[in-house]
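First to last, the sequence lines map onto chains A and B.
Quick note on my numbering: the first sequence kicks off at 1 and runs consecutively.
Quick note on my numbering: the second sequence kicks off at 1 and runs consecutively.
It is worth saying that the hints were derived from the structure and are not from the lab.
One or more hints might be untrue.
Residues on chain B that point at chain A, a partial pick, calculated with CB under 8 Å [said to hold, decoys possible]:
no. : residue
1   : Met-1
2   : Asp-3
3   : Ile-41
Predicted, not measured: the structure shown is a model, and the values here were computed from it.
Just so it is clear, CB atoms sit at the ideal spot from N, CA and C, and this is done for glycine as well.
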Amino acid sequence: MTAQNDTLEVSVWRGSGVAGQFETFEVPAQDNQTILDVVSWIQHYADATLTYRFACRVGMCGSCAMMVNGRPRWTCRTHVKKVLNGGKVEIGPLRNLPIIKDLAVDMDPFFDKWVAAGGVHTPSASRADPIPAIDPGDHSRQVASAGIECINCSVCYAACDTVAGNPEYLGPAALQRAWTLYNDAKHEDRTDILAAVSGAGGCHNCHSMGSCTVYCPNDLDPMSAIAGLKRETARGFLRRRK
Amino acid sequence: MLDLRLYMLQRITALIMAPLTLGHIAVIIYAVQGGLSAAEILGRTQGSVFWFLFYGSFVLAVAVHAAIGLRVILHEWTGMTGTRLAALTWGVGLGLFVMGSKAVIAVTWPVGLP
Numbered sequence: 001m002t003a004q005n006d007t008l009e010v011s012v013w014r015g016s017g018v019a020g021q022f023e024t025f026e027v028p029a030q031d032n033q034t035i036l037d038v039v040s041w042i043q044h045y046a047d048a049t050l051t052y053r054f055a056c057r058v059g060m061c062g063s064c065a066m067m068v069n070g071r072p073r074w075t076c077r078t079h080v081k082k083v084l085n086g087g088k089v090e091i092g093p094l095r096n097l098p099i100i101k102d103l104a105v106d107m108d109p110f111f112d113k114w115v116a117a118g119g120v121h122t123p124s125a126s127r128a129d130p131i132p133a134i135d136p137g138d139h140s141r142q143v144a145s146a147g148i149e150c151i152n153c154s155v156c157y158a159a160c161d162t163v164a165g166n167p168e169y170l171g172p173a174a175l176q177r178a179w180t181l182y183n184d185a186k187h188e189d190r191t192d193i194l195a196a197v198s199g200a201g202g203c204h205n206c207h208s209m210g211s212c213t214v215y216c217p218n219d220l221d222p223m224s225a226i227a228g229l230k231r232e233t234a235r236g237f238l239r240r241r242k
Numbered sequence: 001m002l003d004l005r006l007y008m009l010q011r012i013t014a015l016i017m018a019p020l021t022l023g024h025i026a027v028i029i030y031a032v033q034g035g036l037s038a039a040e041i042l043g044r045t046q047g048s049v050f051w052f053l054f055y056g057s058f059v060l061a062v063a064v065h066a067a068i069g070l071r072v073i074l075h076e077w078t079g080m081t082g083t084r085l086a087a088l089t090w091g092v093g094l095g096l097f098v099m100g101s102k103a104v105i106a107v108t109w110p111v112g113l114p
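Could you put the whole structure together from the sequences, leaning on the hints where they help?
Take a look at the structure:
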């Protein structure tokens with residue numbers, strides 16, 4: 001191995017709020033190394049003031065998502081070798097969210113929209129009631145189950161060009177959550193969800209470009225979930241007018 | 001920028017336009033193939049309730065559909081919102097409707113009337 005191959009040239013976004021620039025670091029290359037390992041190395045050995053966010057390191061918590069070479073990725077499960085471009089890699093904060101500092105973004109808009117889309121579960125029965133039987137093979141249960149592995153990493157939200165152009169838009173994660181609850185027999189008022197996703201920032205703004213489904217690290221399909229919401233709201237619209 | 005009402009209006013006008021577009025293209029091909037003169041075409045369309053309704057509904061659907069589509073593009077590309085966006089949406093819709101209506105009247109209105 002040449003000396004050049006022993007190090008990676010890593011550009012990392014530095015700055016608070018809207019002001020900032022990329023700063024380059026030389027990081028030792030390893031055989032097995034994730035983007036999160038690289039960011040951690042910089043913070044441990046090069047610049048302790050680098051701000052970033054992570055928790056579980058195993059792709060469960062959804063806190064370490066960043067832009068890697070301009071694409072949103074979960075950094076703890078992104079191998080450096082897969083994204084390296086001529087010995088270089090560029091790491092930035094997630095798109096479509098306000099930057100707090102360096103690689104940490106303010107996730108408030110993402111979670112506020114999660115709630116605005118009707119994403120808070122309201123049980124249809126109290127603890128005094130018997131537990132309703134749910135057939136796992138039931139169609140609506142399977143539709144609901146398709147979206148429940150979302151880890152709230154905001155990769156889809158950062159990938160979405162509609163969010164970039166329309167800040168009011170609820171975004172793929174929140175709408176997929178709404179679709180999951182709409183198909184959940186244990187959710188109390190499912191028609192409330194259709195009203196919550198039918199406003200000016202609702203599911204009808206989606207252009208079906210599919211970046212959410214392409215970039216979802218858990219292979220979920222928010223685009224189809226949004227299509228489901230469009231279908232059900234359109235049905236409700238026609239039914240009301242009969 | 002698209003709530004359920006605007007979304008449905010745009011989808012329904014798209015459904016209306018699909019067969020009308022095919023009909024319009026068929027008419028163009030028929031008129032050109034047959035070598036009809038302008039006077040011969042106007043002779044068939046002026047005073048015809050069918051062609052008035054055909055092109056009248058086409059113009060109405062185009063005005064609604066295009067105004068909503070441009071509204072989305074304007075909002076996403078320029079960030080325009082509120083009264084300005086609403087005014088432009090209505091302006092585009094009414095402008096297309098007036099221009100289209102003038103053409104429909106010229107082609108389908110019985111001769112001798114305005």
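Subject >> Contradicted hints - numbers only >> reply: 3
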